[in-house]
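Chains A and B supply the protein sequences, listed in that same order. Under the working numbering, the first residue of the first sequence is numbered 1, with each subsequent residue one higher. Under the working numbering, the first residue of the second sequence is numbered 73, with each subsequent residue one higher.
Some hints could be false.
Label-pair ranges, simulated between beta-carbon atoms [as the list claims (entries may be wrong)]:
1. B:334 / A:63: 38 to 44 Å
2. B:449 / A:55: 38 to 44 Å
3. B:385 / A:55: 26 to 32 Å
4. B:110 / A:63: 45 to 51 Å
5. A:25 / B:262: 21 to 27 Å
6. B:110 / A:7: 39 to 45 Å
7. B:267 / A:52: 38 to 44 Å
8. A:7 / B:157: 54 to 60 Å
9. B:279 / A:29: 47 to 53 Å
10. A:55 / B:286: 49 to 55 Å
11. B:102 / A:28: 19 to 25 Å
12. B:85 / A:52: 41 to 47 Å
Hint data in this document are derived by calculation from the structure and do not stem from the laboratory. Ideal Cβ positions, reconstructed from N, Cα and C, are used throughout, including at glycine.
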Amino acid sequence: MENNTKDFTELTCTNLMIKLKILLNRLPNGDSVRFLATREQVDNTCTPFSGQGYRVSWDQRGENQFLVQIGR
Amino acid sequence: MGYSTFLFCDPVSAERAGWFSGVMQEAASTVSGESQVNVTVFLTGDALFSLVDSRSRSSWNRIGDLPSVRIIADGDELRLQGLLHSVSSQAQEIHITGGGEHDPFWECVVSTLKTHRPGMKRAAFLLCNSPYMSRVPVYMLRFFSRVQKAGLVPEMYNYLDGVHTLHNGQRPSEFENIGRGVSALANSGALSGRDTWFAACSRCATARGYYQMNPGTGFCEPASCIQEIAIRPLKEILARFFQDHPIVSHFSGECVLDERAKDAPHLVVFITSPPYCSEWTFGGLSLAVAAAMDGMRTTVVFIEDGVFALHGTHDVPENDKIFNIQEMVAVTTDVGCLRYFVHSPSLNERGIAVSDDFSLIRKVSDAGLASILFGKEPGEHSPIVRMIFF
Numbered sequence: 001m002e003n004n005t006k007d008f009t010e011l012t013c014t015n016l017m018i019k020l021k022i023l024l025n026r027l028p029n030g031d032s033v034r035f036l037a038t039r040e041q042v043d044n045t046c047t048p049f050s051g052q053g054y055r056v057s058w059d060q061r062g063e064n065q066f067l068v069q070i071g072r
Numbered sequence: 073m074g075y076s077t078f079l080f081c082d083p084v085s086a087e088r089a090g091w092f093s094g095v096m097q098e099a100a101s102t103v104s105g106e107s108q109v110n111v112t113v114f115l116t117g118d119a120l121f122s123l124v125d126s127r128s129r130s131s132w133n134r135i136g137d138l139p140s141v142r143i144i145a146d147g148d149e150l151r152l153q154g155l156l157h158s159v160s161s162q163a164q165e166i167h168i169t170g171g172g173e174h175d176p177f178w179e180c181v182v183s184t185l186k187t188h189r190p191g192m193k194r195a196a197f198l199l200c201n202s203p204y205m206s207r208v209p210v211y212m213l214r215f216f217s218r219v220q221k222a223g224l225v226p227e228m229y230n231y232l233d234g235v236h237t238l239h240n241g242q243r244p245s246e247f248e249n250i251g252r253g254v255s256a257l258a259n260s261g262a263l264s265g266r267d268t269w270f271a272a273c274s275r276c277a278t279a280r281g282y283y284q285m286n287p288g289t290g291f292c293e294p295a296s297c298i299q300e301i302a303i304r305p306l307k308e309i310l311a312r313f314f315q316d317h318p319i320v321s322h323f324s325g326e327c328v329l330d331e332r333a334k335d336a337p338h339l340v341v342f343i344t345s346p347p348y349c350s351e352w353t354f355g356g357l358s359l360a361v362a363a364a365m366d367g368m369r370t371t372v373v374f375i376e377d378g379v380f381a382l383h384g385t386h387d388v389p390e391n392d393k394i395f396n397i398q399e400m401v402a403v404t405t406d407v408g409c410l411r412y413f414v415h416s417p418s419l420n421e422r423g424i425a426v427s428d429d430f431s432l433i434r435k436v437s438d439a440g441l442a443s444i445l446f447g448k449e450p451g452e453h454s455p456i457v458r459m460i461f462f
């Protein structure tokens with residue numbers, strides 16, 4: 001795993017949403033958070049942030065593991 | 073006419089007995105006639121000690137004096153705890169179950185719940201306590217035994233330490249085998265054509281090692297688990313909460329104002345513990361937020377030691393892997409179906425105030441709580457209210 005990349009694969013979708021809202025509230029403009037997530041988390045929790053003014057992208061790293069980046 | 077049922081298995085502190093008495097008296101004084109709510113309070117386990125404890129006894133006397141309230145104590149547990157004589161002689165307003173029949177207390181619980189819902193087909197237990205360390209799983213098995221005898225389907229939701237029920241190979245030398253009891257229930261349900269629905273929260277199961285990642289597939293699989301309980305995301309378990317069947321727990325209640333209404337029940341979560349040294353607060357909040365995000369009308373009440381979650385400014389050290397409860401609350405105030413309240417008498421009793429960051433969280437008195445719990449809030453329609461204490 002790359003430096004500063006957190007593994008959120010074991011969080012529920014709700015707790016991941018809460019975690020991301022906390023992290024994104026603290027995030028300076030132009031910065032981003034990077035973390036590992038499962039397919040379900042990407043679909044249910046990460047993607048909806050794109051509708052709230054955030055840039056959301058991901059790369060598949062394993063069978064059920066995605067490196068997600070969300071930034072302002 | 074409405075009906076309300078409470079089941080208390082855990083200790084009832086003087087503080088809890090006091091505010092509960094206040095809520096009951098407020099409810100009795102503000103509603104009457106057609107809108108009256110008949111309340112039944114079932115007490116078993118450690119809750120029974122509050123009937124003889126001088127710090128809480130007077131509160132129970134006040135509740136018992138209300139004509140709309142019936143208090144029923146588990147006679148078998150009173151005998152076990154050596155309280156039968158003192159309770160029967162001191163507290164005339166307490167009904168004590170007992171006699172020749174096996175488990176009359178739990179039969180009474182199930183029949184009371186069933187009376188309030190003529191078409192009831194299932195009954196659930198949210199189990200948050202682990203076997204052997206707690207006796208609550210024993211009560212759950214007794215409850216389910218009566219549920220099956222009443223021709224209903226048992227549903228078990230294992231949450232927090234309740235997921236330890238999953239562990240296979242349980243072999244207690246002195247206690248009732250909970251794993252075997254769960255398996256027996258599932259088998260008898262299958263034989264009678266009424267399959268049980270037993271599920272454990274995947275987050276809680278993963279944390280405790282019962283749901284492990286298979287590196288080959290990237291997906292989690294059950295490890296050392298009995299087969300009768302499926303591991304499911306909390307979201308799937310909460311989907312059952314949208315149905316109107318009763319869900320009891322170690323400390324729980326419900327108010328049924330219209331059993332024919334099709335609206336999803338209103339969920340009220342009481343946060344009663346300090347924020348960090350146990351999983352109760354995080355677990356209660358997680359469940360409440362998840363329910364609200366799925367569209368369930370949800371109310372969180374910080375009460376008793378739960379009010380410490382809103383006091384001061386919490387600063388989680390960088391190296392401490394724990395959710396900051398205050399941040400969790402702050403970022404979820406915009407969830408549409410979710411409301412937060414703080415019990416002002418609990419704040420006053422502790423001599424603390426809510427942090428300025430949470431000044432918008434509404435304060436609620438015993439009278440306000442009575443309105444929430446008994447579905448009497450102006451402009452709100454709650455045919456069924458479920459209450460769970462964390």
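Hints broken by the structure, by number, lowest first? 4, 5, 6, 9, 10, 11
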